[in-house]
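**Q** This is what each chain is made of:
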Amino acid sequence: MSLKAYFQDEAPNATEGGAGLRLPGLRLSVVVWHLCWAGYTLFGLMGLLLLPASPLVIAALVAITVPGAACVILLSRDSQFMRQALMWVWAVGALLAVAFTGGISGPLAVWCILPLLAAVVLNQRTLITLGASLAFGITLFGIMISVWHGIRLPDEQEGFWLSVIANVSIVAGLGLAVLPALRMRSERASEAEEARDRLLKILTEQPGLLICLDGDGRVVAAYGEAPAGLDLKALLQLGVPASAHVPDRMGVKAAIETAVIEGRADIGFTPHAAMDHYVLLSLRRGLDGRVYGVMHDASLSHAHEASLEAARIEAESLNKGKTQFLASMSHELRTPLNAVIGFSDIMRLKMFGELPPKYAEYAQLIWESGQHVLDMINDVLDMSKIEAQKYELALESFDIREPVSAALRLIRGQAHEKAIDIISQMPEMPLLVSADKRAIKQICLNLLSNAVKFTPQGGDVRLSLSQREDVVDIVITDTGIGISAEDLSRIGQPYEQSGPAEQRAMGTGLGLSIVKAMAHLLGGSLTLSSTLGEGTTVTISLPVVQADEQPELPMPMPVNMGPVNMGPVNSRPVQPEPQSAVQSLEAFARAAQNAIHNPLEDISHTPESLSRFSDFVIRPPKS
Amino acid sequence: MFEGLGMNQKKVLIVEDNELNMKLFHDLLDAQGYETFQTGEGLSALTLARQHRPDLILMDIQLPEISGLEVTKWLKEDDELSHIPVVAVTAFAMKGDEERIREGGCEAYISKPISVTHFLDTVRRYLG
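Chains as they are written, first to last, in this note's numbering: chain A, 72 to 694; chain B, 1147 to 1274.
In short, the hints are calculated from the structure, not lab data. One should not assume that every hint holds.
[As the list claims (entries may be wrong)] Straight line, CA to CA, 30 Å or less: simulated DSS-like cross-link-like pairs of lysine-lysine: (1) B:1169 <-> B:1222; (2) B:1157 <-> A:429; (3) A:421 <-> B:1157.
Isolated chain A (complex conformation) (with noise of 0.2 Å):
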């Protein structure tokens, strides 16, 4: 058994702020030992006395038996400097018992050994030189007294008391500390076992595989569950990479040297023996230069983000698709129309010469209906680039009046021949704002468009064009059929419309909602507000007006948005400086340490149940 086996130098509670030596705690089997030292030596004290004994005799069972009775101070105030204090009041002690008694040859020779007695008893490693020291100082001190005959020796029946109580006291105080040190051995022992499974229990019941990497990538240990689909036996013998499908291998390789060079790394693999199954393995670089990790199942997830990722391409290849064929379809739909649109044209102009009445009234129909296609044709185009988020905005500087003006005066026609009056009202100054013409305009010409359809012969439309701060409102206002309640939540929606079959027959319903996207593209919003039977109001609130001399585009994005200086940094992935990490994992060993009594170094002193606490621990998966 190794003093570093049997002394306890670091207590299993160890005081806090102990940045010099740490002390064990104080056992009660030391004080314990201590008294019965003083209530022994005080024993033969009081039986020396009756023989009657010489003075000198007396002193010395007296200097013995104050360091006995010297150890209940450290009940009271217990450090290294008391303890190294009491062994040299122990050495003390010893000098004068021995030299009172005649030195080295007296009977209470035995005695020189005290200080070492004392340091078994107080049970610390540190201690047992000072001991052997001062008992080697003691005996040549002794030898001395002996040489020089100062003292004399005690006589013959003083003598024989003497050497019992001496070797008694020996024999009996030798036993009684290294007892109760070895009590605690075992019990230390039987403490370390039980965290030793804790831990091993731990590491194999956790739901991963903890490996283990040497510096050629060999698996030196691997604790806990092997993920689904995993060839052990190529991992264990043949290293990591070999345990992945052939076309992953470089991957895996690559990534256990950015370990090694840059301290983490993760991948995923397919194990070679089950290509349906996904591993991912994380990597980190351990304190002692070896790499550590940690591989699980993966598979359902990884099944999981490839049908998302395979949903993504078809979704986006279905999507380039649509816009593809709205693209070819507004083409193909253009050509023919462009018959239609430029042939009925030629004959409502009459270019070739008068037409019977009817037939002018028919080209004129045609002509007609031609447009609206093709304002369908537009208008689906439109909105399938809003919907791709396609529609760009050509932000420019101008007279807000210029757009509007425009959409009235297109408008004019239809209103005309509906016999309806079309009122405006606009600033007389110009309005410069920051937006798309065309975008007004359309939102205009829509709006206009479905108060003209909407509203019945001889009605009114009214446009209103007024400034609000930097906010330009547009409201139109018709006297038409109006917009049932339960209607009103519908509209603008693509593709929905209210009323009547007969009424949705004029429109693909796309017209609002048009209007509502690209106001929402300009920062703006749309308000509806209707009546059924008296008319519809719809405003349009615009913050586009151009500051003076300061152009401003307007943002639609939302402003709150967090630090405006949020840079790249945030993004990454959150990760403990590495100092406090060094000083954490330092922590965690200390701990880890004194908990279970260092098992990795201490492998020889571990009872033989420790000593097949294997590397390799490794479970099969849970279902």
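Got chain A; can you put chain B on it based on the hints?
**A** Chain B alone, transformed into the frame defined by chain A:
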């Protein structure tokens, strides 16, 4: 009506692959007294342009074998033909088409379906 007859008659080359649209453009221009040359293929457009030296070329952009933009590029690279104005007539209506066509060297752009009035105005602008 046919005041342009004779040597002063303006000549227009129409490049258009759709027969109905060709007829429409031809009838419209013919009624205005312009002489027209017609082709539905981009390659023969160059030959016809060299042969007849038109005063204006109406160019459909989507042609069967070769894009009207490509034909325009060749026309504009030819020193003898580059002065002839090219007006693109196209059914493309996607954003950016107009810029692309103007960058391709076309002087003007008319979208299909045409408005007869706008079409004739544009043609007159280049034929004086």
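**Q** So, for every hint listed, does it hold in this structure?
**A** Structure-based check of each hint:
1. As the CA atoms of residue 1169 (chain B) and residue 1222 (chain B) are separated by approximately 26 Å, the hinted pair is consistent with the 30 Å bound.
2. Pair hint residue 1157 (chain B) plus residue 429 (chain A) does not hold up; C-alpha atoms about 36 Å apart against a cutoff of 30 Å.
3. Restraint check: the Cα-Cα separation between residue 421 (chain A) and residue 1157 (chain B) comes to about 24 Å, which is no more than 30 Å; the hinted pair holds.
In this structure, only the earlier hint numbered 2 is contradicted, and the remaining ones agree with it.
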